[in-house]
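Chains as they are written, first to last, in the working numbering: chain A, 1 to 646; chain B, 1 to 148.
Keep in mind the hints are simulated off the structure, nothing from the lab. Don't take each hint at face value.
[To be verified] FRET-style restraints, in silico, Cβ to Cβ:
no., chain 1, residue 1, chain 2, residue 2, range
1, B, V15, A, V213, 16 to 22 Å
2, A, G497, B, R49, 17 to 23 Å
3, B, R27, A, L336, 37 to 43 Å
4, A, V104, B, T35, 32 to 38 Å
5, A, V213, B, N118, 35 to 41 Å
Remember, it's a predicted structure, so these values are computed and weren't measured experimentally. Beta carbons are placed, not taken as given, at the ideal position from N, Cα and C, and that holds for glycine.
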Amino acid sequence: MTAPGKIWKAVPRLAYSWRFGMLAVVALALWAGSSTRPLWATERQPVREIVIEARQFDYEPGVIRVRKGETVRLVLQAQDVTHGFSLDGYGVAMEAIPGHAESVEFRADRVGKFAFRCTQVCGASHPFMTGSLIVEPNSPFWAALGVMAMVVFALFVSLWRMRGDAVFGGVSGSGAGLSEWIPRTTYRTARTAIWLDFLRSKVFRWLAASRAVQFLVYAIALAILVLVVTISFAGSSVGDHNLAIVLLWVVWWPLLLLVLMPLGGRVWCGVCPAPAPGEWLQRLAFLRKGRGQFSLGLRWPAWLRPPLLQVLVFAGVAALSGVVITVPQATGIALLAMVGGAVLLSLLFKGRTFCRFICPLGGFIGVYSQMSPLALRAKDEVVCKGHKEKGCVLGNGCGYGCPWLENPPTMQHSTNCGLCMECVRTCDRSNISFGLRWPDNLAGVPGRVEEAYQAVVFASVGILFTVVLFGPWGSVRTWLDASGMSGRFAYVGILAGVGLLGVPALLWGMSGLLARVPGSSGLTARTLWVEFSHALVPLGMAVWMAFALAALSNGLPHVPQVLADPMGRGWNLFGLGDVSWPRLLPGRLAYAQTALVLAGLVWGIVAWRHRVLMLVPAGKLSAWSMALPVGVLTATATGLLWVLLG
Amino acid sequence: MWSELAALALVMLVVVGLPLSIVYGSRDSQSGTITLTARTVEHGGWSQRTIRVEVGKPVRIRLTSDDVTHGFLLPEFGIDTGPISPGEFTMVEFTPLKPGVYRFYCNILCSHHHGAMNGQIVVEGDATGAVRPMGPVVSYPQAAQGLQ
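So that you can see chain A by itself, here it is in the shape it has in the complex (with noise of 0.2 Å):
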């Protein structure tokens, strides 16, 4: 029987869970509602007064509970220079100088958990200046936590009674019975192969193998990024008012997470401008294929090849980010450091290098690529063993050897290749594909342990960031000014204990647990350890483009301020500046976060359950390797929807 069939089969089972699971929900509704205020309670309550007390970069208190219902009166004191206030959902907005107080009123109406931020710039770390107001009842987070466990209910249900069966697509004609164990090279066989080859378009090979074309990808990126670096210097020091940062923070970063990584994983690498005078220099070519080398060519050093250093500059942007995202100049001279490293590089050693084992956002990137359908593979191993000249490994006359230090012929992960085209142009066998197929993540490709160590640095960096720019700690906030030193020096702390060593070792620890429990059928620590990393990939994905659509969401407003001023000079181009955008989603931000949050853990827990499929015969799967790490990833998101909702 097919596969199709027993997902059908399936279907009544998936349906007796959500039955099970609307129960709760509903159970959970009463219980929320029956703390409410009686609806017969309608005489009118004395005003609630809330006093604020706004200062750099803080309110205080920074959490403020009121009941549905009340009418609540904010004042705002301004303790040490001018500051705003603008809650979200509720339209309610002041300003207060030092020395005057200002208030609202308002009935509070609506339940649920509503930002508040500053909206007079009042340093650099302003953007970060948040709190929140939370009326409660706080029926969307119960709501939230009820839908998060039913749907985890209905699918640890049903993963676990078609537990012998490829989910999602599987193997069709392979005969694989329920209780049997598919080979894994079966599924590698039927999942990577790429089944929509865009190189197959005469057109778009073109388009793909033209070095023209290319070139003037990287002259438009180029100018782009020539434009950005000038203006960080030369435009306003006010980060929201300069060109340099929105353009970057507002517009590349959430267009990079939310639409370039889930749909071309790498593809920003393709077209990234960073490294292009490097390679141009190299290369001594713009147009064709260089003969000579502008090098020393040296071969990266073997023992640099894990991606260490690579996460360790990672971790010191992260480190830096409260002031890169804030600073025009901090963010001109990370975007002048990053074109200079690569052109240094470029010049000590073969291929690009610094992408490689350098670049921060590469590393991540390259780990968020196995979530990504778009891939670039050889099409035929057979073809590629049968062919001694290796043009897309050395060099031939139609192009350079894989400027990624890839090896296309055997390349099983997306993490390192960076879609520059070299081997389509190289490939004198048309042995290269382009397209779509599953994504890494799912396809059963064996995981490495350096992408499992990146995966888990960047979902904990990714977790980090979440709690302390929407949780509820307002004074962590203030650490990543760039004034407090010995905050500064915490942060790091933190960021360096949790995120790269604290996170990994517990779930180390998990994994050695996992590899004692009876049934894991000889798995050993290490295997588990990686596979759970790249389980936890799409949630640290999903964190991170929760983090990227409040960027956009809060920064949209300024966009057409910047472009009406895009020197800080006061201009007002094409009468921009007298365009307002509204933010995005104010509101319910928090709800499309939550959205984000539950798919990346609807996607980590299928894709455990697949890769740990593929490493364990069906019938010797225990309920705890199932379990386990299922409940550490709910327990992850239970965390992050408490941050977001709660």
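Chain A is already provided as a structure; the job is to place chain B on it using the hints.
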């Protein structure tokens, strides 16, 4: 070969020409307008502590802030702009008719050293033409200035 040179020219244009043209093209071209940028005293205070102007000539000052909200108070001319928000511009115009030294202050608390945030306008020239004691005072709080 020619195409390579053309490509090189294009790259040089982007890398060298673009920043130069941006910086050169966006210089303040309004002669006679003084741009006065406010920063907290810890970061340098007013961008000009002393502004020299000539008696009888209209003075236009464009005020902005680099960090937090500041104020601009020039008591002798009756000018109080109200809040000067970071990144936004406020225009002030007046005509001094009497030589002298006039102090201006930040009048919105901006830092611990807010009290030290002041400067002076030195009106130079002889007062022969100054029959009236004081010229007309014009203040445009929060007036955004369009592209000239």
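Structure-based check of each hint:
Evaluation of the 16 to 22 Å hint for V15/B and V213/A yields a pass: the beta carbon distance comes to about 20 Å. Roughly 46 Å separates the CB atoms of G497/A and R49/B, a value that falls outside the hinted 17 to 23 Å. A hinted range of 37 to 43 Å is violated for the C-beta pair R27/B and L336/A, which are about 23 Å apart. A hinted range of 32 to 38 Å holds for the C-beta pair V104/A and T35/B, which are about 35 Å apart.
Separation of V213/A from N118/B is about 59 Å and departs from the stated range, judged on CB atoms against 35 to 41 Å.
When the structure is compared with the earlier hints, violations turn up for hints 2, 3, 5 and for no others.
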